[in-house]
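Go by the hints and put chain G onto chain D.
Read top to bottom, the protein sequences are chains D and G. Last residue of the first sequence: 651 (the numbering used here), numbering continuous. Last residue of the second sequence: 651 (the numbering used here), numbering continuous.
I should point out that these hints are in silico values taken from the structure, not numbers from a laboratory. Among these hints, one or two may not hold up.
Note that the list lumps identical chains together, so a pair holds whenever it fits in one copy or between two copies.
What the hints assert, rightly or not - Once the Cα atoms are required to be at most 20 angstroms apart in a straight line, the calculated SDA-like pairs of lysine to any residue come out as:
| id | residue 1 | residue 2 |
| --- | --- | --- |
| 1 | K96 | K152 |
| 2 | K638 | R245 |
| 3 | K206 | G227 |
| 4 | K635 | S648 |
| 5 | K638 | N650 |
| 6 | K152 | K429 |
| 7 | K638 | N254 |
| 8 | K207 | I226 |
| 9 | K563 | N172 |
| 10 | K447 | D360 |
| 11 | K206 | E334 |
| 12 | K354 | K485 |
| 13 | K490 | E374 |
| 14 | K194 | Q576 |
| 15 | K635 | A244 |
| 16 | K558 | I524 |
| 17 | K647 | N254 |
| 18 | K563 | I283 |
| 19 | K371 | D504 |
| 20 | K558 | E522 |
| 21 | K129 | P410 |
| 22 | K490 | C608 |
| 23 | K328 | N224 |
| 24 | K512 | E148 |
| 25 | K206 | N224 |
| 26 | K154 | E505 |
| 27 | K154 | L475 |
| 28 | K638 | T571 |
Because the structure is a prediction, the values reported are computed rather than measured.
What follows is the residue order along each chain.
Protein chains: 2
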Amino acid sequence: MLRNFTCGELSISNINQQVTLCGWVQKNRKLGGMTFIDLRDRYGITQLVFNSEQNAELCKTAEQIGREWVIQAKGIVAERYNKNKNIPTGEIEILVAELTVLNRSEIPPFTIEDESDGGDELRMKYRYLDLRRNPVKKNIIFRHHLAIEVRNYMNSIGFLEIETPFLIKSTPEGARDFIVPSRMNQGEFYALPQSPQNFKQLLMISGYDRYFQIVRCFRDEDLRADRQPEFTQIDCEMSFVEQDDILQTFEGLVKHVFKKVKNIEIEAIPRMTFEEAMRLYGCDKPDTRFDMQFVELNDTLKHREFSVFNHAELIVGIVAKGCANYSRKQLDALTEFVKRPQIGAGGLVYVVCQQEDTYKSSVDKFYNQEDLKRLATKCNAESGDLILIMSGDTDKVRKQLCELRLEMGKQLDLRKAGVYKPLWVTDFPLLEWDDETLRYYAKHHPFTSPKPEHIPLLETNPGAVNANAYDLVINGTEIGGGSIRIYNKELQQKMFSILGFTPEEAQQQFGFLMNAFQYGSPPHGGIAFGLDRMCAILCDSESIRDFIAFPKNNSGRDTMLDAPAKISKTQLDELGIKSLNY
Amino acid sequence: MLRNFTCGELSISNINQQVTLCGWVQKNRKLGGMTFIDLRDRYGITQLVFNSEQNAELCKTAEQIGREWVIQAKGIVAERYNKNKNIPTGEIEILVAELTVLNRSEIPPFTIEDESDGGDELRMKYRYLDLRRNPVKKNIIFRHHLAIEVRNYMNSIGFLEIETPFLIKSTPEGARDFIVPSRMNQGEFYALPQSPQNFKQLLMISGYDRYFQIVRCFRDEDLRADRQPEFTQIDCEMSFVEQDDILQTFEGLVKHVFKKVKNIEIEAIPRMTFEEAMRLYGCDKPDTRFDMQFVELNDTLKHREFSVFNHAELIVGIVAKGCANYSRKQLDALTEFVKRPQIGAGGLVYVVCQQEDTYKSSVDKFYNQEDLKRLATKCNAESGDLILIMSGDTDKVRKQLCELRLEMGKQLDLRKAGVYKPLWVTDFPLLEWDDETLRYYAKHHPFTSPKPEHIPLLETNPGAVNANAYDLVINGTEIGGGSIRIYNKELQQKMFSILGFTPEEAQQQFGFLMNAFQYGSPPHGGIAFGLDRMCAILCDSESIRDFIAFPKNNSGRDTMLDAPAKISKTQLDELGIKSLNY
Numbered sequence: 070m071l072r073n074f075t076c077g078e079l080s081i082s083n084i085n086q087q088v089t090l091c092g093w094v095q096k097n098r099k100l101g102g103m104t105f106i107d108l109r110d111r112y113g114i115t116q117l118v119f120n121s122e123q124n125a126e127l128c129k130t131a132e133q134i135g136r137e138w139v140i141q142a143k144g145i146v147a148e149r150y151n152k153n154k155n156i157p158t159g160e161i162e163i164l165v166a167e168l169t170v171l172n173r174s175e176i177p178p179f180t181i182e183d184e185s186d187g188g189d190e191l192r193m194k195y196r197y198l199d200l201r202r203n204p205v206k207k208n209i210i211f212r213h214h215l216a217i218e219v220r221n222y223m224n225s226i227g228f229l230e231i232e233t234p235f236l237i238k239s240t241p242e243g244a245r246d247f248i249v250p251s252r253m254n255q256g257e258f259y260a261l262p263q264s265p266q267n268f269k270q271l272l273m274i275s276g277y278d279r280y281f282q283i284v285r286c287f288r289d290e291d292l293r294a295d296r297q298p299e300f301t302q303i304d305c306e307m308s309f310v311e312q313d314d315i316l317q318t319f320e321g322l323v324k325h326v327f328k329k330v331k332n333i334e335i336e337a338i339p340r341m342t343f344e345e346a347m348r349l350y351g352c353d354k355p356d357t358r359f360d361m362q363f364v365e366l367n368d369t370l371k372h373r374e375f376s377v378f379n380h381a382e383l384i385v386g387i388v389a390k391g392c393a394n395y396s397r398k399q400l401d402a403l404t405e406f407v408k409r410p411q412i413g414a415g416g417l418v419y420v421v422c423q424q425e426d427t428y429k430s431s432v433d434k435f436y437n438q439e440d441l442k443r444l445a446t447k448c449n450a451e452s453g454d455l456i457l458i459m460s461g462d463t464d465k466v467r468k469q470l471c472e473l474r475l476e477m478g479k480q481l482d483l484r485k486a487g488v489y490k491p492l493w494v495t496d497f498p499l500l501e502w503d504d505e506t507l508r509y510y511a512k513h514h515p516f517t518s519p520k521p522e523h524i525p526l527l528e529t530n531p532g533a534v535n536a537n538a539y540d541l542v543i544n545g546t547e548i549g550g551g552s553i554r555i556y557n558k559e560l561q562q563k564m565f566s567i568l569g570f571t572p573e574e575a576q577q578q579f580g581f582l583m584n585a586f587q588y589g590s591p592p593h594g595g596i597a598f599g600l601d602r603m604c605a606i607l608c609d610s611e612s613i614r615d616f617i618a619f620p621k622n623n624s625g626r627d628t629m630l631d632a633p634a635k636i637s638k639t640q641l642d643e644l645g646i647k648s649l650n651y
Numbered sequence: 070m071l072r073n074f075t076c077g078e079l080s081i082s083n084i085n086q087q088v089t090l091c092g093w094v095q096k097n098r099k100l101g102g103m104t105f106i107d108l109r110d111r112y113g114i115t116q117l118v119f120n121s122e123q124n125a126e127l128c129k130t131a132e133q134i135g136r137e138w139v140i141q142a143k144g145i146v147a148e149r150y151n152k153n154k155n156i157p158t159g160e161i162e163i164l165v166a167e168l169t170v171l172n173r174s175e176i177p178p179f180t181i182e183d184e185s186d187g188g189d190e191l192r193m194k195y196r197y198l199d200l201r202r203n204p205v206k207k208n209i210i211f212r213h214h215l216a217i218e219v220r221n222y223m224n225s226i227g228f229l230e231i232e233t234p235f236l237i238k239s240t241p242e243g244a245r246d247f248i249v250p251s252r253m254n255q256g257e258f259y260a261l262p263q264s265p266q267n268f269k270q271l272l273m274i275s276g277y278d279r280y281f282q283i284v285r286c287f288r289d290e291d292l293r294a295d296r297q298p299e300f301t302q303i304d305c306e307m308s309f310v311e312q313d314d315i316l317q318t319f320e321g322l323v324k325h326v327f328k329k330v331k332n333i334e335i336e337a338i339p340r341m342t343f344e345e346a347m348r349l350y351g352c353d354k355p356d357t358r359f360d361m362q363f364v365e366l367n368d369t370l371k372h373r374e375f376s377v378f379n380h381a382e383l384i385v386g387i388v389a390k391g392c393a394n395y396s397r398k399q400l401d402a403l404t405e406f407v408k409r410p411q412i413g414a415g416g417l418v419y420v421v422c423q424q425e426d427t428y429k430s431s432v433d434k435f436y437n438q439e440d441l442k443r444l445a446t447k448c449n450a451e452s453g454d455l456i457l458i459m460s461g462d463t464d465k466v467r468k469q470l471c472e473l474r475l476e477m478g479k480q481l482d483l484r485k486a487g488v489y490k491p492l493w494v495t496d497f498p499l500l501e502w503d504d505e506t507l508r509y510y511a512k513h514h515p516f517t518s519p520k521p522e523h524i525p526l527l528e529t530n531p532g533a534v535n536a537n538a539y540d541l542v543i544n545g546t547e548i549g550g551g552s553i554r555i556y557n558k559e560l561q562q563k564m565f566s567i568l569g570f571t572p573e574e575a576q577q578q579f580g581f582l583m584n585a586f587q588y589g590s591p592p593h594g595g596i597a598f599g600l601d602r603m604c605a606i607l608c609d610s611e612s613i614r615d616f617i618a619f620p621k622n623n624s625g626r627d628t629m630l631d632a633p634a635k636i637s638k639t640q641l642d643e644l645g646i647k648s649l650n651y
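Just chain D, with the same shape it has in the complex (with noise of 0.2 angstroms):
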């Protein structure tokens, strides 16, 4: 090795040692007679210093050595005067005796600081270097304990990881495929997989009745923002379960992980259904870290002079606990909140707890005090505190409501970071329906099972049939989900019909998977997690970027590489095909 020590790892008992380190410069400063290098590695920073009266030639190397050159420094381990109480080694620098540049460089476009003075594309593009500082390092080193842990726990509990092909068959069900011409097949494309759902089910087929896999899923949309082309799942698949097992399970998995890579216990995770979290959040995701559900107001509210509340078909509100104090500019800026197109609300009716029973509301004309009184009982509403309520079609009003109990969430600073409160939303509908495309959707994937009790409805009321579907929910954020699946084939094939699939077609993509129903197929479920949303998730960040090495920005390019590219003219005829924009 070139060094035989890492620059995070030298202490007061090392004192008087010979080392050899080798790192980056962090920095180089001169002070009277000294220089005093920070060499930065992985492991962390330690000073060297190079004292000119002792060794001028050196010191004058030394000197000459700038930010980012990479040097490998022997000498010895010395206490320092002036101790830095702020990183490990703060209590011994290196007397350098020898020093070897062993590459130099450029001045770096950004500097390699924590806060760093590079933009988010000239960081991109270097990512190298952006890759140096210290909080990309903190994640990508989080990541790779996490997925240490998750292994090492699936393995503990009888899991099996099983990888599964990369080149598969496109089945445009659902998102949109990335596809791979096939040389040897021309006219034939592979397709890169969404998931490995069809096989983990064959797997369960085959009797590995535990399989898990860390593994790359691929989906050619649109990119949203904090979307990648290519993302991390922990896919995971059980037979002989029903849904009440997997919750069981994985809450396990959610556990260990929190424990592992947190310190932080997690007490047992509630569980809500579909409806419920509609109802009391507007939301299948709620972020329940704070309370403030939502209170129906129909019986209380209509029939009243207010006609906005009596065509409208849901009245609903919230209380913001303690804010009756706010001032009417910060009631006006939440109403300008809702109205924003993005939310587009029609507006926002509020009433002020005051002291005493007294009431202050933005639709005093139709509502007297009693009125109010009722309401405020209605919704536990006490003095100090301020409703919050909007009205209008249930669907539209409730994801409005949403936005704004997180809005407010966010100003009472109810959503704290390093607080997680997972929760299993259950029960999700099995189908939507689309408006545009006249059809029904499945909510999950076309291999999810209606609940058995609900089968008969598939024929007569397909939208009214609920799944044995569930996600994990931690803060808001959805980073799991999963169902127990249709295992026989005539279920399969009447799921495929409601889908407006004809027979042909859907033996033409998934006879492969019906044909195996009927070979001894166990009933089986399963669930995935998104590791990288996992990572963001629990470091409180909002970009799951942050936690890819590589990542791609949202057109889908990898600035570094400059990919893609264009390709050469002999590639495309060996495959067979010809670019339209060449």
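Okay, now just chain G, sitting in the frame of chain D:
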């Protein structure tokens, strides 16, 4: 759970316990008033018993259950009269009280037995049934354990697993890339990685100093037997190291893996230079389970009347111990063996070492007993041995004799299953001249560093330049290879120029890497192991396909999925490409 025990865990200690098992019907047989079902799951087989006297109806149901049906059985554990000592559960059986058919099965297209009656093609089409067979299951589970052990070892010595992207840029040096059309950037293409080579180097430049990844790689090559278009690599890289550090580090990994998954203690792994391996074994991946080293015989056998030898560049022989008794027929067969077109030798000379220093040879006309005695001495051959000699151009004859040596090893049962002889082959040449395209190719890849002392030769005699490149060979199969890398821009540019790149081409394809070298690149090197092949070698299997859950055939097809396949015109249009074969 639909079960509270598996079919592999009940024993005499569970007698009288009430249990519920689930699994597949391996066998169903009627014996008098009794019906016996062998129930199979991932963990084993348990015998179920139905007694028609006790419950005629249940027994009748049981009788009708066919092979591979999935059932749930509840009952009491009882001691067997006829114990089966061959299986762990052979001392007990379940007296079934309740039976549920979870799913039926068609009659499987081949038997689900250790020795199946299904041919290769049929088993691949129904791979999900093939995967139920014990030998395949054992392999898949073995692979899981191997991967776990590799990961935990690498983690324990400070390596970080870091995921690298799959959608990258095509760099058509080396094998052919699979390419992926970009929809969002039409006319441009991603490529799937042949290995994460450049990314792991960038990670070294980023300071991650110990990286590994178990990662899928892709090569669009015409498939020889036992090659797959997608395969899995244990990919590793380290900074601040020299060749010896890498060999030491990964010797540790090899020892750990052998100990953990095979319970075999591996001695220090011997090292041999490429030159030595070629000279002593005629190939760069010798099977060192047996000696039978080459003896070069120019000095001993030239300058007699035998013009074949006199005109040969190299005369070289091996000694087959104890084979003096080979019959004329056997000797002829050996001659036929080396004359086969795959080997292409002109002939084979043999010398039989008889009793009391007498010799019989196929070249008695040209060599007297004195000559042959000298030959035997040179070869260390004793009476009872057989000397086999070939001659010709050095490279060719070494290759031919290498094949003969392996054949003799096989005939003499010297290539024993269960014996493992790892070997480091080092100091590979940097470049290989290709007579067809009249250019040099990188022997390892373009990022391999020449030995520092050979750098001047790059100008004058590139073919003579050696590299700090190394392979790990076990029993004649290369299972890993790596090198110390180039880490400065000028040398990398020089390397590309020797490989026939214009400076513009080099910059266009690998500019990101050469730029990165300018910002403080540490000395680094690494290695990659073939996981599929490592599994195969450790399990004495010929085929990597046996260790891949869903492999492709030699035309790159997945016959189970029927992939690759045609895709819709809509998909092609969206990508802006046209297939010339539609």
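Taking the hints in turn, this is what the structure says about them:
1. In this assembly of identical chains, the alpha carbons of K96 and K152 lie at most 20 angstroms apart only when taken from the same copy (17 angstroms versus 76 angstroms across copies).
2. Proximity of K638 to R245 under the C-alpha cut-off of 20 angstroms is restricted to the inter-copy arrangement: shortest distance 14 angstroms between copies versus 26 angstroms within a copy.
3. For the homomeric pair K206 and G227, the shortest alpha-carbon distance between copies (14 angstroms) is at most 20 angstroms, but the shortest distance inside one copy (32 angstroms) is not.
4. Taking the shortest alpha-carbon separations for K635 and S648, both the intra-copy value of 10 angstroms and the inter-copy value of 17 angstroms come in at or below 20 angstroms.
5. Taking identical chains as interchangeable, the C-alpha atoms of K638 and N650 lie at most 20 angstroms apart whether they share a chain (12 angstroms) or sit on different chains (16 angstroms).
6. In this homomeric assembly, K152 and K429 never come within 20 angstroms of each other (Cα to Cα): the closest approach is 61 angstroms inside a single copy and 85 angstroms across copies.
7. Proximity of K638 to N254 under the C-alpha cut-off of 20 angstroms is found in both arrangements, the shortest distances being 19 angstroms within a copy and 17 angstroms between copies.
8. With identical chains, the CA atoms of K207 and I226 are at most 20 angstroms apart between copies only, with a shortest distance of 18 angstroms across copies and 29 angstroms within one.
9. Taking identical chains as interchangeable, the C-alpha atoms of K563 and N172 lie at most 20 angstroms apart only when they sit on different chains, with a minimum of 18 angstroms there against 65 angstroms within one chain.
10. Taking the closest pair of Cα atoms, K447 and D360 come within 20 angstroms of each other only inside a single copy of the chain (16 angstroms); across copies the shortest separation is 90 angstroms, beyond that limit.
11. In this assembly of identical chains, the alpha carbons of K206 and E334 never lie at most 20 angstroms apart, being 26 angstroms within a copy and 37 angstroms across copies at closest.
12. In this assembly of identical chains, the alpha carbons of K354 and K485 lie at most 20 angstroms apart only when taken from the same copy (17 angstroms versus 59 angstroms across copies).
13. For a Cα distance limit of 20 angstroms, the shortest separation of K490 from E374 qualifies neither inside one copy, at 42 angstroms, nor across copies, at 91 angstroms.
14. In this assembly of identical chains, the alpha carbons of K194 and Q576 lie at most 20 angstroms apart only when taken from different copies (15 angstroms versus 46 angstroms within one copy).
15. For the homomeric pair K635 and A244, the shortest alpha-carbon distance between copies (18 angstroms) is at most 20 angstroms, but the shortest distance inside one copy (25 angstroms) is not.
16. In this assembly of identical chains, the alpha carbons of K558 and I524 lie at most 20 angstroms apart only when taken from the same copy (14 angstroms versus 66 angstroms across copies).
17. For the identical chains of this complex, K647 and N254 are neighbours both inside a copy (16 angstroms) and across copies (15 angstroms), given an alpha-carbon limit of 20 angstroms.
18. For a Cα distance limit of 20 angstroms, the shortest separation of K563 from I283 qualifies neither inside one copy, at 32 angstroms, nor across copies, at 40 angstroms.
19. For the identical chains of this complex, K371 and D504 are neighbours neither inside a copy (30 angstroms) nor across copies (90 angstroms), given an alpha-carbon limit of 20 angstroms.
20. For the identical chains of this complex, K558 and E522 are intra-copy neighbours only, at 18 angstroms inside a copy versus 68 angstroms across copies, given an alpha-carbon limit of 20 angstroms.
21. For the homomeric pair K129 and P410, neither the shortest alpha-carbon distance inside one copy (63 angstroms) nor that between copies (68 angstroms) is at most 20 angstroms.
22. Taking identical chains as interchangeable, the C-alpha atoms of K490 and C608 lie at most 20 angstroms apart only when both belong to the same chain, with a minimum of 14 angstroms there against 46 angstroms between chains.
23. In this assembly of identical chains, K328 and N224 lie within 20 angstroms of each other by CA distance both inside one copy and across copies; the values are 17 angstroms within and 19 angstroms between.
24. In this homomeric assembly, K512 and E148 never come within 20 angstroms of each other (Cα to Cα): the closest approach is 64 angstroms inside a single copy and 50 angstroms across copies.
25. Taking identical chains as interchangeable, the C-alpha atoms of K206 and N224 lie at most 20 angstroms apart only when they sit on different chains, with a minimum of 16 angstroms there against 27 angstroms within one chain.
26. With identical chains, the CA atoms of K154 and E505 are never at most 20 angstroms apart, being 63 angstroms at best within one copy and 65 angstroms at best between copies.
27. With identical chains, the CA atoms of K154 and L475 are never at most 20 angstroms apart, being 40 angstroms at best within one copy and 65 angstroms at best between copies.
28. Taking the closest pair of Cα atoms, K638 and T571 come within 20 angstroms of each other only across two copies (18 angstroms); inside a single copy the shortest separation is 39 angstroms, beyond that limit.
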